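The residues making up each chain are set out below.
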Amino acid sequence: MDKTVVDLTAALADIEDGMVLMIGGFGGAGAPIELIHALIDRFKATGSPGKLTVVNNNAGNGRIGIAAMIDAGMVAKMICSFPRSSDPRAFTEKYLAGEIGLELVPQGTLAERIRAGGAGIPAFYTPTSYGTDLAEGKPVAEFEGRAYVQERWLKADVALLKAELADRHGNLTYRKAARNFSPLMAAAAGLTVVQATKVVEPDEIDPEAVITPGIFVNRVVEVADARQEEALMRDGVAYA
Amino acid sequence: MSDKLSNAQIAWRAAQDIENEAYVNLGIGFPEMVAKFQPPGRQAIFHTENGILNFGESPAEGEEDWDLINAGKKAVTLKPGAAFFNHAESFAMVRGGHLDVAILGAYEVAENGDLANWSTGPKGVPAVGGAMDLVHGAKRVAVITDHVTRDGRPKLVKRCSLPLTGVGCVTRVYTSLAVIDIEGGRFVLREKLPGLSLDALQAVTGAELLLAGTVADLVVPEV
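Protein sequence lines correspond, in order, to chains A and B.
Going by the numbering used here, 52 is the number at position 52 of the first sequence; the sequence numbering is gapless.
One rule links them: number in the numbering used here = place in the second sequence (from 1) + 240.
These are computed hints drawn from the structure, not numbers from a lab.
Take these hints with a grain of salt, some might be off.
[Stated by the list, open to error] Chain B stretches covered by chain A per the calculated footprint, using a threshold of three residues with CB under 8 Å from any CB of chain A:
no., region
1, 290–298
2, 326–339
3, 371–385
4, 404–410
[As the list claims (entries may be wrong)] Pair ranges (Cβ atoms, derived):
no., chain 1, residue 1, chain 2, residue 2, range
5, B, PRO299, A, SER48, 38 to 44 Å
6, B, GLU462, A, LYS138, 45 to 51 Å
7, A, GLY73, B, LEU450, 55 to 61 Å
Remember, it's a predicted structure, so these values are computed and weren't measured experimentally.
Here a beta-carbon is modelled for each residue, glycine too, at the ideal position from N, C-alpha and C.
In isolation and in its complexed conformation, chain A is listed as follows (with noise of 0.2 Å):
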């Protein structure tokens, strides 16, 4: 068996407009840059693929990464729990004049959701958001005296996603707390496109260290210079 694919734009393939994308990463850490950088350059040279509904805890820093995307005018929805950040330019001026669509969902709301959709559990309970207008519309059940609000999964279509290493069955480690949101992710999409720092035989990741087991990846492609989010943001870099 072998998931990786020569480069980014062979790990991008079959992204069609209109799709659902769940997008690694907490701020800049687990965030795939080059795939993002990548498909907005697809965009740019062919017009596609726009209209996405892009899934991640934030929406977007700066100028670069998933603010780079929402600048060039690909995104047509985002589903996160905190639009802001240090820059949050790019969302705040597309949101306020009322060209991006936003569904905002709590934290652990948004990462059990995503849990559920790749677990295949149609909906959950939480308490989370009981009484707020955040749960407006939701069914409400009461569990040992107590009030919950329903929940349903969330899928995508696609995951793209920052791993450390990356075997050819597609076994994923992270580096440090670069996971976050991703093990959950590569579950949740139909089509799950890990960069990886390295790509490493199958006998070289232990197995007790497999984080994300390949069953849940598709494509792997090694991006060994991978850049920090953080880091191109200090450096002034503007991707859009």
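Fit chain B to the given chain A structure using the hints.
Just chain B now, kept in the frame of chain A:
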């Protein structure tokens, strides 16, 4: 002593109630200061929503590792015995009742324990983050806040007027003037600044303060 506590002093007072080896989540911003004021000999284990237990202070400038950040996206360091985990596990720790203490900021706290701390109304871009999760599950949910808004209106109120973060979730409030518990849907005054009369405190509080036994002096060092 000045007529009210500084933010650092409020954080200091809240830190005195955190037990040794407690698992604690501090909200981003002002509540993060609480970590600096742990009493000698006590070591809490801090949780951050993005997936670290037992993180420590910020590294020196230039030493940052941007894969090692907290929920506020600031670079942090690890202490011995730290652990990484994914977001679903992180919020299982939150909602599943595994944290001993969560400390958050507030726009308003109501006497029934309702908290409003995520939205000041329909203007601008709404953002909630983990606040709505954090108010459920921690054994104690405490708020640290100035006693009044910038224009002098009470932040401790009968019922919240701003969009709620959670219903009946707050158990204790540390303010710039007092320490107040929420019990049975009422504010119970535990401590107040020694120079402040009960009437003066009540005048800047939006719901009745009950007294249960002695009210202790709220004495905090300059920090």
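The hints, checked one at a time:
Beta-carbon proximity to chain A at under 8 Å applies to 3 residues in the region 290–298 of chain B; the threshold of 3 is reached and the given coverage holds. Using a Cβ-Cβ cut-off of 8 Å, 7 residues of the region 326–339 of chain B lie near chain A, which meets the minimum of three, so the contact claim holds. With 5 residues having a beta carbon nearer than 8 Å to a beta carbon of chain A, the region 371–385 of chain B meets the requirement of three or more and the stated coverage holds. Here the region 404–410 of chain B counts 4 residues with a CB under 8 Å from a CB of chain A, which clears the bar of 3, and the coverage holds.
Our hint of 38 to 44 Å for PRO299/B and SER48/A holds, since their Cβ atoms are close to 42 Å apart. For the pair GLU462/B and LYS138/A, the beta carbons lie near 48 Å from each other, so the given range of 45 to 51 Å is met. Taken as a hint, the range 55 to 61 Å holds for the pair GLY73/A and LEU450/B, whose Cβ atoms sit roughly 57 Å apart.
In the structure shown, no violation is registered for any of the earlier numbered hints.
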